[in-house]
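*Asks:* The hints should help you fit chain B onto chain A, whose structure is shown.
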Amino acid sequence: GAGVSQSPSNKVTEKGKDVELRCDPISGHTALYWYRQRLGQGLEFLIYFQGNSAPDKSGLPSDRFSAERTGESVSTLTIQRTQQEDSAVYLCASSLTSGRSYEQYFGPGTRLTVT
Amino acid sequence: AQRVTQPEKLLSVFKGAPVELKCNYSYSGSPELFWYVQYSRQRLQLLLRHISRESIKGFTADLNKGETSFHLKKPFAQEEDSAMYYCALRGGATNKLIFGTGTLLAVQP
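Chains as they are written, first to last, in my numbering: chain A, 1 to 115; chain B, 1 to 109.
What the hints contain is simulated information worked out from the structure, not anything from laboratory work. Everything numeric in this text was worked out from a predicted model, so none of it was measured. It is possible that some hints are incorrect.
Below, a list of computed lysine to aspartate or glutamate pairs in the DMTMM-like style, where the Cα atoms sit at most 25 Å apart [as the list claims (entries may be wrong)]:
no.: 1; chain 1: B; residue 1: K15; chain 2: B; residue 2: E79
no.: 2; chain 1: B; residue 1: K9; chain 2: A; residue 2: E44
no.: 3; chain 1: B; residue 1: K22; chain 2: A; residue 2: E44
Chain A with its partners taken away, still in its complex shape:
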């Protein structure tokens, strides 16, 4: 395929609204990751899906954040009751089956602005 895709590319929302971000991984990639990059900061791990295993949610900053993945395909990251500090670029990545040194391929990101 053409690589990891994400939609929308930009999202402006009002504080308190819910938003849903989408990620389409590379076909055949069993592992999928969500990261967040706030202005002036590095990429921050949010959540990781690997096949049918329970996801690693250790990076989710609060219970307002949740993510789902259907099988080995699309994933959605949902942020409920958005706050201004949620403003960031949300990056999705996918890789072949989890293991040593499997390269993560990143999508273009979704820029979320909470006003």
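*Replies:* Frame of chain A, contents of chain B only:
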């Protein structure tokens, strides 16, 4: 705690000058270290990983466990090297990456 530190936000050099982008890490076990690069208007992509011991686009990086460093080096910088560079660590059984805050490399003509 796992941590990656990139002390320089911006590194500006002239074309042909040597480049060293610093990266230090904190991890109690045996980590895997990576350098990712993001060129203007492009997505983040892997540049190199320490276990491959490879040179990509003239860049090399050596893992120094004693100094817990993984500095990225290139002997002669080119203008097309201008980009944002991120050092990342993978530790333990998980495949998630811990990223540094990044260094913007600007190569002047």
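*Asks:* With reference to the structure, classify each hint as holding or not holding.
*Replies:* Structure-based check of all given hints:
| no. | hint | in the structure |
| --- | --- | --- |
| 1 | B/K15 x B/E79 | holds (6 Å) |
| 2 | B/K9 x A/E44 | holds (17 Å) |
| 3 | B/K22 x A/E44 | holds (19 Å) |
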